[in-house]
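Peer 1: So the sequence lines, in the order shown, correspond to chains G and B.
Position 216 of the first sequence, counting from 1, maps to 231 under the numbering used here, and the rest follow consecutively.
Position 83 of the second sequence, counting from 1, maps to 500 under the numbering used here, and the rest follow consecutively.
Note that these hints are calculated values from the structure, not bench results.
Incorrect hints may appear among the rest.
Stated by the list, open to error - Not close to chain G: a few residues of chain B, all C-beta gaps over 12 Å, as computed:
hint: 1; residue: Val424
hint: 2; residue: Glu468
hint: 3; residue: Ala472
hint: 4; residue: Pro483
hint: 5; residue: Asp486
hint: 6; residue: Pro487
hint: 7; residue: Ala491
To be verified - Beyond 12 Å from chain B on every Cβ pair, some chain G residues (computed):
hint: 8; residue: Arg31
hint: 9; residue: Met310
hint: 10; residue: Gln386
What the hints assert, rightly or not - Below, in silico cross-link-like pairs of lysine to any residue (SDA-like), each with a Cα-Cα straight-line distance of 25 Å or less:
hint: 11; chain 1: G; residue 1: Lys250; chain 2: B; residue 2: Glu449
hint: 12; chain 1: G; residue 1: Lys232; chain 2: B; residue 2: Ala458
hint: 13; chain 1: G; residue 1: Lys205; chain 2: G; residue 2: Glu44
We treat Cβ as the ideally placed atom computed from N, Cα and C, and that holds for glycine.
For reference, the chains in residue letters:
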Amino acid sequence: MRTPPPLALIAEVTHRCPLHCVYCSNPLELKARAEELPTETWARVFEEGAELGMLHVHFTGGEPLARNDLTQLVAAAHSRLLYTNLITSGIGLNEKKLATLIEAGLDHLQLSFQDGEEKFANWIAGAGAHAHKLALAQIVQQSGRLAFTVNLVVHRHNLDRLDSMISFAESLGPQRIEIANVQYYGWALKNRQWLLPTREQVKQSLAVVEQAQERLKGQIKIDFVTPDYYATFPKPCMGGWGRQLLLVDPSGRVLPCHAAAVIPDLHFENVEQEPLRWIWEESLAFRRFRGEDWMPEPCRSCERRTLDFGGCRCQAFLIAGDANSTDPVCSLAPAHHLVEERLVRTNSLTSTAPSPSLTPQSAQSWTYRPQPP
Amino acid sequence: MKALSHVSHPRLGIGCRVRKAENGDTVLLLPEGVLRLKGTAAEIIRLCDGERTFADILGAMQAQYPSSDPKQIAQETESFLNRLLERRAVDFQ
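Let's have the full structure, built from the sequences with the hints guiding it.
Peer 2: Next comes the structure, spelled out in structure tokens:
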């Protein structure tokens with residue numbers, strides 16, 4: 016059977032970013048500006064992707080606006096009838112630039128906020144970006160010409176204020192609010208001990224989200240990314256390995272997800288050398304965990320294997336040291352005790368967590384994501 | 418929640434659009450994903466142009482399917498549009 020086409024391409028066009036968020040999902044080894052693909056190569060990737068049958072391009076980074084050819088990239092994707100989505104911090108965007116992007120065919124803009132309150136937001140971002148984002152949200156909302164999502168990343172330091180953060184997001188006038196618990200990869204994994212929420216926080220936040228979803232029904236759609244360390248079963252990471260999505264990193268490497276480069280024995284092909292279709296359908300990295308043949312027990316005989324696909328391969332490697340094993344967040348996983356032990360420590364944490372009054376230097380374990388070389 | 422009434426003018430939500438996929442399916446593209454529109458779903462969406470009222474849309478669907486129970490067409494169309502509203506895939510003006 017022919018491999019079904021991907022639905023969407025995550026175009027990680029640069030790792031450069033004016034923000035330094037402590038939970039950034041970029042890999043620890045950031046790609047340098049000198050390694051970034053040129054405009055023409057991205058345009059070819061979109062063309063090959065459209066021919067393959069994909070429908071969406073999600074422009075992300077780093078900060079996509081750090082590239083001065085972003086308008087051309089959006090136009091190239093749009094010309095192939097691809098739905099274009101810009102995932103941005105908003106830094107580098109103003110009314111004029113936004114109008115240019117909309118003219119080029121931008122369909123949707125997702126603006127991230129690190130918090131509803133400036134001092135917390137700037138502390139998490141390691142940059143004074145909040146005020147600019149607020150001004151920008153107003154411009155996006157008033158343009159009325161593209162879909163607008165407000166993204167809120169939640170963790171130990173803001174979950175208690177989720178209710179007011181949702182009110183804040185609501186006031187910006189989006190059609191959608193995404194509330195995303197931190198996923199522990201990249202820089203977030205480095206800062207995990209300071210970001211993991213407590214069980215009580217998670218419990219209360221679920222009620223807050225449900226109430227908001229009910230209250231805003233038909234007005235604002237609220238998407239919620241669950242805190243998977245507290246889940247009974249793993250998330251269907253990326254909708255299954257090599258099943259719906261592919262990611263092209265700034266240097267052209269094609270990965271099944273944001274974090275896959277952590278898995279040591281995989282080689283990822285590059286769009287500079289190979290056609291996208293071949294990489295998607297035939298390359299070893301994409302075939303490695305596609306389907307069910309790779310699955311160990313308990314996944315192999317589990318009736319949930321068609322729902323969660325064994326969970327996340329990167330998480331299996333990062334927590335259990337074996338990418339072939341069941342995602343350790345699964346309550347049935349042989350390595351689940353490692354997650355439970357982590358949560359016991361989190362829920363009995365006695366050491367002082369960092370706070371906005373601490374400088375990065377004094378909060379020694381708090382690592383801000385740096386700029387790529 | 419905004420209620421759908423006979424005088425509402427349903428139209429596609431902002432930033433949502435319909436196209437044919439490579440395999441010939443009609444798809445509704447949303448910021449967060451794709452809805453494959455099968456059978457009458459594609460016809461209803463085509464009628465959501467912001468000009469027609471909900472009553473016009475029902476009339477058109479009932480004319481298209483004269484042998485189906487008009488009440489059932491009305492119920493199914495309404496619940497389909499309400500589900501899309503929850504995803505902000507349509508707006509009712």
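Peer 1: Indicate, hint by hint, whether the structure satisfies it.
Peer 2: So, going through the hints one by one against the coordinates:
| no. | hint | result |
| --- | --- | --- |
| 1 | Val424 | holds (17 Å) |
| 2 | Glu468 | holds (19 Å) |
| 3 | Ala472 | holds (20 Å) |
| 4 | Pro483 | holds (32 Å) |
| 5 | Asp486 | holds (27 Å) |
| 6 | Pro487 | holds (25 Å) |
| 7 | Ala491 | holds (19 Å) |
| 8 | Arg31 | holds (24 Å) |
| 9 | Met310 | holds (26 Å) |
| 10 | Gln386 | holds (29 Å) |
| 11 | Lys250(G) - Glu449(B) | holds (17 Å) |
| 12 | Lys232(G) - Ala458(B) | holds (22 Å) |
| 13 | Lys205(G) - Glu44(G) | holds (13 Å) |
In summary, the structure agrees with every hint in the numbered list given earlier.
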